[in-house]
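**Student:** When you get a sec, could you build the whole thing from the sequences and use the hints?
Here is how the chains run, residue by residue.
Protein chains: 2
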Amino acid sequence: MKKSFKITARDLKSSARTGVITTPHGKIKTPAFAPVASQGTIKGLLHSQLESLGAQLMLVNSYHLYLRPGIETIEKLGGIHSFISWEKPILSDSGGFQIHSLSPLVKVKKQGVEFTSHLDGTRIFLSPEDVIDIQRKLGSDIMMLLDYFLPFPSSEEKTKEAVELTTYWAQRSRTHFLKQESPQLLWGISQGGIFWDQRNKSIEDLMELDFDGYALGGLGIGEPKSQFMDIVEKTNEVLPEARPRYLMGVGYTSDIVKTVAAGVDLFDCVMPTRNARNGTLFTSQGRILIKNKKYENDERPLDDNCSCYTCQNFSRAYLRHLYERQEISSAILNTIHNLYFYLDIFRKIRQAIQSHSYQQFMQSIIDKEEE
Amino acid sequence: MKKSFKITARDLKSSARTGVITTPHGKIKTPAFAPVASQGTIKGLLHSQLESLGAQLMLVNSYHLYLRPGIETIEKLGGIHSFISWEKPILSDSGGFQIHSLSPLVKVKKQGVEFTSHLDGTRIFLSPEDVIDIQRKLGSDIMMLLDYFLPFPSSEEKTKEAVELTTYWAQRSRTHFLKQESPQLLWGISQGGIFWDQRNKSIEDLMELDFDGYALGGLGIGEPKSQFMDIVEKTNEVLPEARPRYLMGVGYTSDIVKTVAAGVDLFDCVMPTRNARNGTLFTSQGRILIKNKKYENDERPLDDNCSCYTCQNFSRAYLRHLYERQEISSAILNTIHNLYFYLDIFRKIRQAIQSHSYQQFMQSIIDKEEE
Chain A
1 MKKSFKITAR DLKSSARTGV ITTPHGKIKT PAFAPVASQG TIKGLLHSQL ESLGAQLMLV
61 NSYHLYLRPG IETIEKLGGI HSFISWEKPI LSDSGGFQIH SLSPLVKVKK QGVEFTSHLD
121 GTRIFLSPED VIDIQRKLGS DIMMLLDYFL PFPSSEEKTK EAVELTTYWA QRSRTHFLKQ
181 ESPQLLWGIS QGGIFWDQRN KSIEDLMELD FDGYALGGLG IGEPKSQFMD IVEKTNEVLP
241 EARPRYLMGV GYTSDIVKTV AAGVDLFDCV MPTRNARNGT LFTSQGRILI KNKKYENDER
301 PLDDNCSCYT CQNFSRAYLR HLYERQEISS AILNTIHNLY FYLDIFRKIR QAIQSHSYQQ
361 FMQSIIDKEE E
Chain B
1 MKKSFKITAR DLKSSARTGV ITTPHGKIKT PAFAPVASQG TIKGLLHSQL ESLGAQLMLV
61 NSYHLYLRPG IETIEKLGGI HSFISWEKPI LSDSGGFQIH SLSPLVKVKK QGVEFTSHLD
121 GTRIFLSPED VIDIQRKLGS DIMMLLDYFL PFPSSEEKTK EAVELTTYWA QRSRTHFLKQ
181 ESPQLLWGIS QGGIFWDQRN KSIEDLMELD FDGYALGGLG IGEPKSQFMD IVEKTNEVLP
241 EARPRYLMGV GYTSDIVKTV AAGVDLFDCV MPTRNARNGT LFTSQGRILI KNKKYENDER
301 PLDDNCSCYT CQNFSRAYLR HLYERQEISS AILNTIHNLY FYLDIFRKIR QAIQSHSYQQ
361 FMQSIIDKEE E
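Chains as they are written, first to last, in the numbering used here: chain A, 1 to 371; chain B, 1 to 371.
Worth double-checking, as some hints may not be accurate.
[Claimed, not checked] Taking lysine-lysine pairs in the DSS-like style, the calculated list, with each CA pair at most 30 Å apart, reads:
id, chain 1, residue 1, chain 2, residue 2
1, B, LYS234, A, LYS294
2, B, LYS137, A, LYS76
3, A, LYS13, A, LYS368
4, A, LYS293, B, LYS137
5, B, LYS27, B, LYS234
6, A, LYS293, B, LYS76
7, A, LYS13, A, LYS234
8, A, LYS88, B, LYS234
9, B, LYS13, A, LYS88
10, A, LYS2, A, LYS179
[What the hints assert, rightly or not] Here are a few chain B residues that face chain A, going by a calculated C-beta distance under 7 Å:
id, residue
11, THR41
12, LYS43
13, GLY44
14, PHE83
15, SER85
16, PHE152
17, VAL270
18, GLU299
19, ALA317
20, ARG325
21, GLU327
22, ILE328
23, SER329
These are computed hints drawn from the structure, not numbers from a lab.
Virtual Cβ for every residue (Gly too), placed ideally from N, Cα, C.
**Tutor:** Put into structure tokens, the structure is as follows:
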């Protein structure tokens, strides 16, 4: 695989590191956060706003885009970057998670996955090769393998099967991917739930195939925090140091800083954007539920320490008014704030690692979230 | 009243003129368009975006803001400009129209209007003096009188009553307004429907009271176009030249350019913003219904001749995708385009009047709309 990752600094007291992922559409400084743009847009935000918040990449969803507007449409329009007019890196999720969470009647077969479109009931079959082809047509910078995602809790027996099938699909995906020259990066997704033997096996299988990056899938889905951290810390011992690591779907800031200390480089989560639309706002002093009547006459910004457009211009009272009136600008202003909050934490994570103050920074985030 | 309006150029072949309205929060070059921000926000747009589209003022609605968040809240937060963080001119509508269009069980009495809140059924009474006080507390730059609005069609008998009551309320409003020094401007609203005798009487009554500006209310609500134009043209003969004229709620671009030729200086309408959210987009080549399947693979911008952010960056295919997915960014991008389209027409109207080419410009707009 390609030499797409370079480590630029290391924390002396943990496995936290800063690095750079080089993609066909530019570089991503890690640790990095990928805002979720399932349909090719951040909900509530224009690309220009996302860029000025400091986002380095966005995550789009192959499953959603495959169903609508369809891959042929996107291909005709020059691929995903051209279709959505975003010239920075794009990571495309394979859809493994969405097939299992959105579709009724999923049948996992050795040859691939058969499922019903959650939109119109059409029966669809996708092989691991199909999922590669879809993402190739999208032209995303980072492609993800089709994996076999299991909910929590699942038995070890079932988890073992899922790992075996994920490995088998990974082999087929890689073989298919290598048939054509491509500047795109291909990352593996490990499964195994919270069973270390299975997780370890999954990672070893993927490493043998050699991918451009390694994701941890099927975590942060309801398992106890201690087991979650235990697994992430153990993967740190076995994953290749020189490849980027991606913890999928994990969004609590305390989990983020702790797993960065266990060597994780990339995150994505709907938390900042979904919470924004629901009126839950993250601040340096804790969460604010903006619909609360106590903010009715509150002329302070959401967060005195925040430099975002929302906090620089608007009071809690006005934001509450917009939320209560269900104005579109409520979703926009809240999303700007929450995404700024997240992206700013990642800027600070990178700075702290480079200035050898990561331990204090991590502790301050954990202390605030535990308040 | 104050010297708040200055005419800066005149069309030689019509009554079209350019001018400047001076308000406590700055100047408005006329003819001007006031985007509608009923709740203190343009639906789908941030203030910063509205400003960069070239908006000179916004219209807020006293009725909506009185009900929620309440005038006391806005007053505590320093008035409407401070509450919504918009430092440019604000025109507040009196609520006369909303009381009649939104509230069930309206009783118009000599002393004022009694109505039921459309939100929670509370019975509310507002006198003309109350409506002045509400707008004084808001601190808007241009305040509108409480008027007695009638739907179309209404009998001449009923219209005569409405004119008499509007005049009576106008007297009381003016007397009350003059009790306190204020930098705010107070504009009258004439009624009279399409009955010239009534409309003429209404205007004469208001002129006798002397207001900072004169609005035409109760037009563009379903009456035949020829009668509508006839009335506007006749008002042009009687309204004082030296005061700004405001045609409320009229939004078809052909009506706008024709009534500018009859001396109208100010307009407001929800058309560009509401249509944007419904996927109807205005272009120099006519309207586009973006949900139409024929745009599925259309890589052209909405309008080749448009310089807005939407047209400079995105294809019809992507805009259709966002609209079909009901993404918030669909409303945002469409609103940017439609408001840019409207504000650009007003820029061109002003340029055309000043460069003595208004007749050709007006005809080009009429020809396009009639296509």
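**Student:** Holds or violated: is there a CB of chain A closer than 7 Å to the CB of SER85(B)?
**Tutor:** For SER85(B), the interface hint holds, since the closest Cβ of chain A sits about 5 Å away, which is under 7 Å.
**Student:** May I ask you to test the interface hint for SER329(B) with respect to chain A, counting a Cβ-Cβ separation under 7 Å as satisfied?
**Tutor:** It holds, given that the least Cβ distance between SER329(B) and chain A is near 4 Å, below 7 Å.
**Student:** Taking the closest Cβ pair, is GLU327(B) under 7 Å from chain A?
**Tutor:** OK, holds: GLU327(B) within 7 Å of chain A, min 5 Å.
**Student:** Taking 7 Å as the limit, does the beta-carbon of PHE152(B) come near enough to a beta-carbon in chain A?
**Tutor:** Cβ of PHE152(B) sits 29 Å from chain A, so the hint is violated.
**Student:** Taking the closest Cβ pair, is THR41(B) under 7 Å from chain A?
**Tutor:** holds, 4 Å
**Student:** Is the straight-line distance between the alpha-carbon of LYS293(A) and that of LYS76(B) 30 Å or less?
**Tutor:** Answer holds: LYS293(A) to LYS76(B) is near 15 Å, not above 30 Å.
**Student:** For the hint on PHE83(B), does the least C-beta distance to chain A fall short of 7 Å?
**Tutor:** holds, 6 Å
**Student:** For LYS13(B) and LYS88(A), compute the direct alpha-carbon distance and say whether it is at most 30 Å.
**Tutor:** Not satisfied, since the Cα-Cα distance of roughly 53 Å exceeds 30 Å.
**Student:** Return the status of the interface hint for ARG325(B): holds when the least beta-carbon distance to chain A is below 7 Å, violated otherwise.
**Tutor:** This interface hint holds because 5 Å falls under the 7 Å limit.
**Student:** Between LYS13(A) and LYS368(A), does the CA-CA distance stay at or below 30 Å?
**Tutor:** holds, 21 Å
**Student:** Once the shortest beta carbon distance from VAL270(B) to chain A is found, is it less than 7 Å?
**Tutor:** This interface hint is violated because 14 Å lies over the 7 Å limit.
**Student:** Checking one constraint from the list: CA of LYS137(B) to CA of LYS76(A), max 30 Å. Satisfied?
**Tutor:** violated, 56 Å
Taken one by one, the earlier hints fail for this structure at numbers 1, 2, 8, 9, 16, 17, listed in ascending order.
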